[in-house]
Structures are given as C-alpha cells and as structure tokens.
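Number of protein chains: 6
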Amino acid sequence: MPYVTVKMIEGRTPEQKRALVAEVTEAVSKTVNAPKENITVFIEEMSKENYGVAGVRFSDK
Amino acid sequence: MPYVTVKMIEGRTPEQKRALVAEVTEAVSKTVNAPKENITVFIEEMSKENYGVAGVRFSDK
Amino acid sequence: MPYVTVKMIEGRTPEQKRALVAEVTEAVSKTVNAPKENITVFIEEMSKENYGVAGVRFSDK
Amino acid sequence: MPYVTVKMIEGRTPEQKRALVAEVTEAVSKTVNAPKENITVFIEEMSKENYGVAGVRFSDK
Amino acid sequence: MPYVTVKMIEGRTPEQKRALVAEVTEAVSKTVNAPKENITVFIEEMSKENYGVAGVRFSDK
Amino acid sequence: MPYVTVKMIEGRTPEQKRALVAEVTEAVSKTVNAPKENITVFIEEMSKENYGVAGVRFSDK
Numbered sequence: 007m008p009y010v011t012v013k014m015i016e017g018r019t020p021e022q023k024r025a026l027v028a029e030v031t032e033a034v035s036k037t038v039n040a041p042k043e044n045i046t047v048f049i050e051e052m053s054k055e056n057y058g059v060a061g062v063r064f065s066d067k
Numbered sequence: 007m008p009y010v011t012v013k014m015i016e017g018r019t020p021e022q023k024r025a026l027v028a029e030v031t032e033a034v035s036k037t038v039n040a041p042k043e044n045i046t047v048f049i050e051e052m053s054k055e056n057y058g059v060a061g062v063r064f065s066d067k
Numbered sequence: 007m008p009y010v011t012v013k014m015i016e017g018r019t020p021e022q023k024r025a026l027v028a029e030v031t032e033a034v035s036k037t038v039n040a041p042k043e044n045i046t047v048f049i050e051e052m053s054k055e056n057y058g059v060a061g062v063r064f065s066d067k
Numbered sequence: 007m008p009y010v011t012v013k014m015i016e017g018r019t020p021e022q023k024r025a026l027v028a029e030v031t032e033a034v035s036k037t038v039n040a041p042k043e044n045i046t047v048f049i050e051e052m053s054k055e056n057y058g059v060a061g062v063r064f065s066d067k
Numbered sequence: 007m008p009y010v011t012v013k014m015i016e017g018r019t020p021e022q023k024r025a026l027v028a029e030v031t032e033a034v035s036k037t038v039n040a041p042k043e044n045i046t047v048f049i050e051e052m053s054k055e056n057y058g059v060a061g062v063r064f065s066d067k
Numbered sequence: 007m008p009y010v011t012v013k014m015i016e017g018r019t020p021e022q023k024r025a026l027v028a029e030v031t032e033a034v035s036k037t038v039n040a041p042k043e044n045i046t047v048f049i050e051e052m053s054k055e056n057y058g059v060a061g062v063r064f065s066d067k
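Chains as they are written, first to last, in our numbering: chain A, 7 to 67; chain B, 7 to 67; chain C, 7 to 67; chain D, 7 to 67; chain E, 7 to 67; chain F, 7 to 67.
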C-alpha cells in the first residue's frame with residue numbers, strides 16, 4: 007500500500023515508463039510516508055480508438 | 007469530469023465505438039448538466055477468455 | 007455486458023442520478039446494439055478532497 | 007452482483023484461468039450468499055513492462 | 007500479485023467479509039499457483055443509489 | 007491525460023493529500039513529458055475492513 011495506477015495513451019518508451027515508475031513511487035513514498043517496498047505501480051495503456059473527450063475519440067480528430 | 011468507462015467484449019466496429027463515445031457523452035452532459043468538453047470516455051475491451059458469469063468463461067460456452 | 011462506470015464529484019440529486027442511469031443505458035444499448043437488460047451502470051462519487059487537476063485538489067482552489 | 011476483478015501478470019494457461027473463474031465464483035457465492043448466476047469475474051492481465059513494486063518494473067529486475 | 011477486487015452492494019456483515027477475503031484468497035492461490043502472502047483483496051461497497059441494471063437504479067425498484 | 011489513481015488506507019491528513027497530488031503530478035509530468043494541466047489525480051481511500059493481504063483483513067490483525 008498504496009497502489010498507484012497511471013492510465014495514458016500507449017507509445018511511451020521503456021525509458022519513460024521506467025522513470026515514471028521510479029519517480030511516482032518516490033513522490034508517493036515521500037508525501038504519505040510509506041516505505042517504497044510497499045508501493046505498487048500499474049501502467050494502463052489506452053489506444054486512441056478507445057479514448058475520447060468532448061464526445062470525439064482521439065483517433066477521429 | 008465526469009469520467010466514463012465502458013467495459014465490453016472486444017469486436018465492436020469503429021463506427022459503433024465512435025457513436026458510443028458521442029452518445030454517451032451527450033447523455034451524461036444532459037442529465038448531470040456538465041459541459042461536453044469536460045466529459046471523458048474510456049472504452050475497455052475484454053476478450054472472452056477473460057470474462058465469465060456464473061463460473062464459466064464466455065470462451066468455454 | 008457492457009458495464010459502465012461514471013465517476014464524478016458527489017452532490018448530484020437523486021433525480022439527476024436516476025436520469026443518468028436511464029439515459030446512459032439507452033445510449034449504450036442503441037450504439038453497440040446490446041439489450042438494455044444486459045447493461046449495468048455504476049456511479050462512483052468523489053469528494054473534492056480526493057480529486058485534483060494540474061497538481062491542485064478541487065478543495066484547495 | 008458481485009463483480010470480481012482479478013489482476014495478474016499475463017501468461018496463465020487456459021486451464022488455470024478456467025479454474026480461477028470457477029473457484030472464485032464458488033468462494034464468493036458461498037461466503038456472501040449470492041447465487042452463482044449473479045456473479046461476474048473479469049481477468050485483467052498485465053505485462054511485466056507495466057507493473058512495478060518498490061519503484062522497479064518487473065521487466066527491469 | 008494477484009490483486010482481487012470484489013464490488014458488491016453494501017451491508018455484508020464483518021463475518022461475511024472476513025470469510026470472503028479468506029476464501030477468495032484460497033481459491034486464487036490454488037488455481038493460479040500463487041503464494042497466499044502475495045494475494046491482495048479489496049472490497050468495494052456500492053449503495054443502491056449508485057448501481058443500476060437495465061436503466062433502473064436498485065434504489066428505484 | 008494521464009489519469010492517476012492512488013488507492014490507500016484512509017486517514018491521511020489534508021496536508022499529506024495536498025502534497026501527494028502536487029508531487030505525483032510533478033513526477034508524471036516530468037517523466038512522460040505531459041503538461042501538468044493535462045494530469046488528473048484521484049485518491050481512493052479504503053477502510054481496513056475492506057482490504058486484506060494473505061487472506062486476512064487489516065481490521066482483523
């Protein structure tokens with residue numbers, strides 16, 4: 007605990023995802039005073055076909 | 007805000023998904039009085055291997 | 007199936023939530039050709055203390 | 007109702023997933039006294055690239 | 007890993023929830039061959055005001 | 007985009023939650039190169055009655 011889920015458009019590089027997991031874990035650990043060993047991060051990648059704002063999918067823009 | 011997630015079996019056409027995002031956004035906007043620009047829709051597609059009711063996966067029926 | 011989750015700030019009236027469930031179900035049924043009996047809607051209400059954009063919680067604005 | 011989501015690393019065999027859905031449904035039905043017909047199970051599979059504990063992704067270990 | 011979420015109507019007793027967590031953990035451990043220590047269970051309770059099927063909330067039936 | 011959900015035991019102070027939202031937003035913005043204005047953070051608080059590891063709820067320990 008805590009469990010962190012980051013939902014974003016697919017296509018980030020391995021380096022970006024590696025840094026994301028490391029730095030988000032650091033930010034959570036520091037601000038809510040949780041040991042890093044207890045923090046879990048999930049990345050959920052969306053395609054532009056399955057994500058829309060204001061009624062329009064990103065793949066249709 | 008609001009954020010809407012629609013979870014369903016994979017295989018809908020692009021036309022169906024486009025209409026889904028448009029019409030769900032319209033329905034949410036109208037009923038809870040939120041500007042369409044503020045409404046986000048996520049589609050999550052499941053495979054029949056990963057979805058079961060009454061203890062049986064859809065791929066096993 | 008489908009399963010729809012609508013996440014929004016708490017405080018909508020019962021009438022708004024009732025209409026939301028009815029009209030979102032209608033929109034999903036029509037666009038992806040699913041019988042209304044098979045459609046489930048979950049409303050998740052957030053407090054302003056637990057929701058932030060651009061690094062600032064809504065309760066802190 | 008209830009709706010059960012099991013999130014795990016990808017790679018389980020069809021036999022494991024079939025048994026998982028059957029036995030989790032049984033366990034839920036028995037303990038909260040819900041008919042099996044009303045219980046839904048979703049399996050969500052994660053890749054090791056998108057899952058980390060203690061700041062390190064499983065694919066980086 | 008795995009992470010299990012059970013979403014259901016509020017109102018189960020502590021005894022039911024305790025048994026649910028124990029038996030679901032057992033079922034997952036056995037079927038996907040994961041040590042019990044690695045299995046997490048979250049219970050999410052819904053109110054009847056925030057849950058509908060076929061376009062009608064349970065609180066409106 | 008991205009959308010970040012942090013799930014943790016209830017009981018953090020407003021100051022901790024404010025810092026959490028600010029610093030997680032910063033970490034995500036920096037590592038995946040997203041403008042802070044586009045980043046949303048949701049905090050989900052769990053009770054110890056509804057959260058268990060290894061088959062035992064935290065409220066039963």
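Hint data in this document are derived by calculation from the structure and do not stem from the laboratory.
Don't take every hint at face value.
Identical copies look the same in the list; a pair holds intra-copy or inter-copy alike.
[What the hints assert, rightly or not] Straight line, CA to CA, 25 Å or less: simulated DSS-like cross-link-like pairs of lysine-lysine:
| no. | residue 1 | residue 2 |
| --- | --- | --- |
| 1 | Lys13 | Lys42 |
| 2 | Lys67 | Lys54 |
| 3 | Lys67 | Lys36 |
| 4 | Lys36 | Lys13 |
| 5 | Lys54 | Lys42 |
Checked hints:
1. In this homomeric assembly, Lys13 and Lys42 come within 25 Å of each other (Cα to Cα) both inside a single copy, at 21 Å, and across copies, at 15 Å.
2. For the identical chains of this complex, Lys67 and Lys54 are intra-copy neighbours only, at 10 Å inside a copy versus 30 Å across copies, given an alpha-carbon limit of 25 Å.
3. For a Cα distance limit of 25 Å, the shortest separation of Lys67 from Lys36 across copies, 23 Å, qualifies, whereas the shortest one inside one copy, 39 Å, does not.
4. Taking the shortest alpha-carbon separations for Lys36 and Lys13, both the intra-copy value of 22 Å and the inter-copy value of 16 Å come in at or below 25 Å.
5. In this homomeric assembly, Lys54 and Lys42 come within 25 Å of each other (Cα to Cα) only across copies, at 18 Å, whereas the closest approach inside a single copy is 33 Å.
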